[in-house]
Amino acid sequence: MRENKKLKKFGSLLVASSLLAGVLAGCGGGDSSSSGGGSSSGGGSDGDTIKIGANLELSGNVASYGSSIGVGADLAVKEINDKGGIDGKKIELVKVDNKSENSEATAAALKLATQDKVVAMLAPATSGNTVATVQIANSNKIPIVTGSGTAPNITVNDDDSVNEYAFRTCFIDPFQGIVAANFASGELKAKNVAIFADNASDYAKGLAKSFKDTITKNGGKVVKEEAYVAKDTDFRTQLTNIKAAKPDFIFIPGYYEEVGLIVKQAREMGIDVPLMGADGWDSPTLVELAGAKALNNTYITNHYSAEDPDQKIQDFVKAFKAANSDKAPDAFNALGYDTIYYIADAIKRAGSTDGEAIKTALADTKDLSLVTGTFSVDENHNPIKTATVLEFKDGKQVFNSKVNP
Amino acid sequence: MEWIQQLVNGISLGSIYALIALGYTMVYGIIKLINFAHGDVFMIGSFIGFYAIAKWELGFFPALLLAMVVCAIFGVLIERIAYKRLRNATRIAALITAIGVSLLIEYTTIYFRGAQPAAYPEVITNKSFDVFGVQISSTSILILSVAIVLMILLQFIVHKTKIGKAMRAVSHDADAARLMGINVDNTISATFAIGSALAGAAGVIFGVYYTKIDPLMGVIPGVKAFIAAVLGGIGIIPGAMVGGMLLGVVESLVSALGFSLWRDAAAFVILILILIFRPSGIFGKNAREKV
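Chains as they are written, first to last, in this note's numbering: chain P, 6 to 410; chain Z, 33 to 323.
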């Protein structure tokens with residue numbers, strides 16, 4: 006009995022101490038991840054700094070996306086501050102880790118809005134996490150901008166109403182389908198096309214639909230539509246059907262794990278027409294699965310290419326390499342970088358750090374020239390911007406062209 | 033012409049199903065156990081082949097042989113550790129153990145190498161032959177010939193050797209076989225060894241043909257092979273071969289007709305129809321229990 010009591014006491018002590026440790030660890034994490042020379046503690050942005058929050062995936066299963074956005078954003082903040090900041094005020098980036106989880110993303114947004122009192126936020130890198138923060142943004146009147154959340158429902162609700170405080174720097178999913186269709190009928194002069202889509206993902210279905218609409222509008226004909234489900238390994242039967250329809254172009258929206266096998270099997274079966282996909286193909290694993298040779302004569306749409314000869318992009322690549330030990334920036338780095346410039350431009354034009362004013366300025370952005378393309382914001386808070394088309398040559402992504410919407 | 037092409041696709045797929053189904057059917061024939069861990073032996077075989085080719089730079093045939101040997105040992109280990117002590121337990125207990133072993137193998141593999149897929153290196157230069165407008169790749173010819181050679185070898189072992197005779201005897205009546213001086217435990221182990229070796233071979237072939245392998249790759253082919261075994265008549269060796277080929281061809285034809293999303297459903301519909309109308313399978317005899 007006595008011993009039991011002791012054990013209980015010990016147990017509760019353990020719980021209490023672990024709770025305390027958790028709280029301390031939480032604080033520590035918050036402190037260490039806030040970057041910039043910000044010594045100003047609290048007081049919002051009244052002083053000589055402007056606080057911008059960054060609610061990012063710095064750990065968890067998509068940590069690479071969030072961290073890349075963060076690295077790009079850091080560079081942009083440094084550049085702006087070196088040039089004197091926004092109207093003399095320096096930007097301070099407050100980073101919070103949302104652990105790649107929706108509930109953590111909501112909590113992080115709440116912390117940034119109420120404790121750190123930021124004037125705007127970099128929203129998480131993935132669509133799901135960003136959606137989880139939209140409500141906080143709307144109710145606290147603090148604009149959020151996601152760098153790479155491509156799902157349409159971040160800015161527009163199902164009932165077509167626009168989320169007033171939600172913005173993004175990247176294009177939305179269906180847009181890539183439009184670009185691919187314009188590229189197919191424009192550059193490749195494709196007339197009879199086939200679509201082979203992943204039937205288990207909203208991303209692929211959205212792309213397939215917008216591709217089909219656009220290509221039909223361009224005077225092309227969809228001669229065959231086939232589908233597969235994620236995790237399939239044998240695509241030969243569907244490819245045989247596609248081959249029989251004799252298309253001169255095949256659109257394959259999907260993710261690299263299946264696409265790698267599709268491309269390989271298609272080439273084995275003697276299908277040598279151009280194949281095209283979207284940013285879901287963008288992974289080194291694709292080259293491993295398909296083989297460099299099979300990937301020749303395939304194209305993808307993407308946000309940006311480090312090999313783009315455009316002066317603005319080359320300047321960015323140079324600055325990024327100098328700051329990050331010669332590593333070439335990827336699309337997420339570029340989007341993170343652009344997002345900061347997008348927000349900074351809006352704050353400057355708004356002339357104040359009031360959330361409502363910044364929101365209006367973000368929505369009014371026109372012809373803003375950024376690394377991932379010059380863009381204007383449409384009435385649904387989505388940027389209208391160019392997409393980059395890349396071609397695979399011997400397993401390497403080579404810049405091909407830019408396509409306007 | 034596409035129909036012949038689809039038939040070729042189906043036969044390639046079917047020969048992989050058939051090789052896995054053989055292991056199911058042999059084990060069921062001898063101890064009346066549905067060895068659900070069999071699909072995972074197939075996965076292990078595939079990874080052994082992968083490491084043999086990618087890391088130790090062996091050719092296709094040495095890798096195939098190595099995978100078969102390792103899987104044979106692995107199969108015997110599974111039988112000795114997990115199933116032997118359950119020989120007199122209820123069949124449901126053994127079945128649940130088999131599912132447990134299956135999960136254990138899958139997640140141990142994930143623990144050690146992660147769940148990300150691996151890409152099989154190109155071990156055979158792949159050429160496509162154009163036969164009357166039908167594209168037949170050299171890998172699919174290789175798959176088919178390896179499968180057929182292994183099946184002939186199996187027929188030879190079962191019908192012409194002493195261990196094969198012992199297997200048939202134990203499968204017919206284990207107690208009587210024991211009375212005749214047959215070492216039942218060793219015979220059962222041998223059955224596991226042969227069945228697992230075939231699964232290992234199927235794993236390597238699968239890797240070469242489909243490129244992508246991952247720790248959970250055995251689940252769906254395992255279930256399909258089980259359907260193939262039931263379709264042919266579980267416990268009957270030629271039944272597994274025919275069942276596997278038939279299932280592969282049916283799946284391809286379903287896709288060819290434009291119902292590619294229904295392919296898996298077709299396999300399970302076949303299972304249901306067989307269980308309702310002909311539970312003993314195509315080759316099964318309608319054996320009555322004697323009182």
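Fair warning: there could be bad hints in the mix.
As the list claims (entries may be wrong) - Derived DEER-like restraints, expressed as beta-carbon distance ranges:
{"#": "1", "chain 1": "Z", "residue 1": "GLN148", "chain 2": "P", "residue 2": "SER330", "range": "19 to 29 Å"}
{"#": "2", "chain 1": "Z", "residue 1": "ARG123", "chain 2": "P", "residue 2": "LYS398", "range": "51 to 61 Å"}
{"#": "3", "chain 1": "Z", "residue 1": "TYR143", "chain 2": "P", "residue 2": "GLY65", "range": "15 to 25 Å"}
{"#": "4", "chain 1": "P", "residue 1": "GLY65", "chain 2": "Z", "residue 2": "ILE304", "range": "24 to 34 Å"}
{"#": "5", "chain 1": "P", "residue 1": "GLY65", "chain 2": "Z", "residue 2": "TYR139", "range": "14 to 24 Å"}
{"#": "6", "chain 1": "P", "residue 1": "ALA327", "chain 2": "Z", "residue 2": "PHE291", "range": "48 to 58 Å"}
{"#": "7", "chain 1": "P", "residue 1": "ASN143", "chain 2": "Z", "residue 2": "ILE304", "range": "48 to 58 Å"}
{"#": "8", "chain 1": "P", "residue 1": "ASN409", "chain 2": "Z", "residue 2": "LEU305", "range": "54 to 64 Å"}
{"#": "9", "chain 1": "P", "residue 1": "LYS317", "chain 2": "Z", "residue 2": "TYR139", "range": "41 to 51 Å"}
{"#": "10", "chain 1": "P", "residue 1": "ARG354", "chain 2": "Z", "residue 2": "THR140", "range": "26 to 36 Å"}
{"#": "11", "chain 1": "Z", "residue 1": "ILE304", "chain 2": "P", "residue 2": "ALA235", "range": "20 to 30 Å"}
{"#": "12", "chain 1": "P", "residue 1": "LYS236", "chain 2": "Z", "residue 2": "THR140", "range": "16 to 26 Å"}
{"#": "13", "chain 1": "Z", "residue 1": "ASP162", "chain 2": "P", "residue 2": "SER166", "range": "53 to 63 Å"}
Unchecked claim - With a cut-off of at most 27 Å between alpha-carbon atoms, the simulated DSS-like pairs for lysine-lysine come out as follows:
{"#": "14", "chain 1": "P", "residue 1": "LYS146", "chain 2": "P", "residue 2": "LYS210"}
{"#": "15", "chain 1": "P", "residue 1": "LYS398", "chain 2": "P", "residue 2": "LYS194"}
{"#": "16", "chain 1": "P", "residue 1": "LYS407", "chain 2": "P", "residue 2": "LYS95"}
{"#": "17", "chain 1": "P", "residue 1": "LYS298", "chain 2": "Z", "residue 2": "LYS87"}
{"#": "18", "chain 1": "P", "residue 1": "LYS353", "chain 2": "P", "residue 2": "LYS332"}
{"#": "19", "chain 1": "Z", "residue 1": "LYS197", "chain 2": "P", "residue 2": "LYS398"}
{"#": "20", "chain 1": "Z", "residue 1": "LYS159", "chain 2": "P", "residue 2": "LYS298"}
{"#": "21", "chain 1": "P", "residue 1": "LYS194", "chain 2": "P", "residue 2": "LYS210"}
{"#": "22", "chain 1": "P", "residue 1": "LYS401", "chain 2": "Z", "residue 2": "LYS87"}
{"#": "23", "chain 1": "P", "residue 1": "LYS196", "chain 2": "P", "residue 2": "LYS229"}
{"#": "24", "chain 1": "Z", "residue 1": "LYS87", "chain 2": "Z", "residue 2": "LYS194"}
{"#": "25", "chain 1": "P", "residue 1": "LYS94", "chain 2": "P", "residue 2": "LYS122"}
{"#": "26", "chain 1": "P", "residue 1": "LYS353", "chain 2": "P", "residue 2": "LYS196"}
{"#": "27", "chain 1": "Z", "residue 1": "LYS197", "chain 2": "P", "residue 2": "LYS236"}
{"#": "28", "chain 1": "P", "residue 1": "LYS236", "chain 2": "P", "residue 2": "LYS371"}
{"#": "29", "chain 1": "P", "residue 1": "LYS401", "chain 2": "Z", "residue 2": "LYS159"}
{"#": "30", "chain 1": "Z", "residue 1": "LYS159", "chain 2": "P", "residue 2": "LYS251"}
{"#": "31", "chain 1": "P", "residue 1": "LYS317", "chain 2": "P", "residue 2": "LYS398"}
{"#": "32", "chain 1": "P", "residue 1": "LYS146", "chain 2": "P", "residue 2": "LYS95"}
{"#": "33", "chain 1": "P", "residue 1": "LYS222", "chain 2": "P", "residue 2": "LYS95"}
{"#": "34", "chain 1": "P", "residue 1": "LYS83", "chain 2": "P", "residue 2": "LYS122"}
Hints are computed from structural coordinates only; laboratory data are not their basis.
Note that beta-carbon positions come from the ideal geometry of N, C-alpha and C, so glycine has one too.
Inset, instruction - Return the numbers of the hints above that this structure violates; sort them in rising order. - result: 4, 10, 14, 16, 18, 19, 24, 26, 27, 28 and 33
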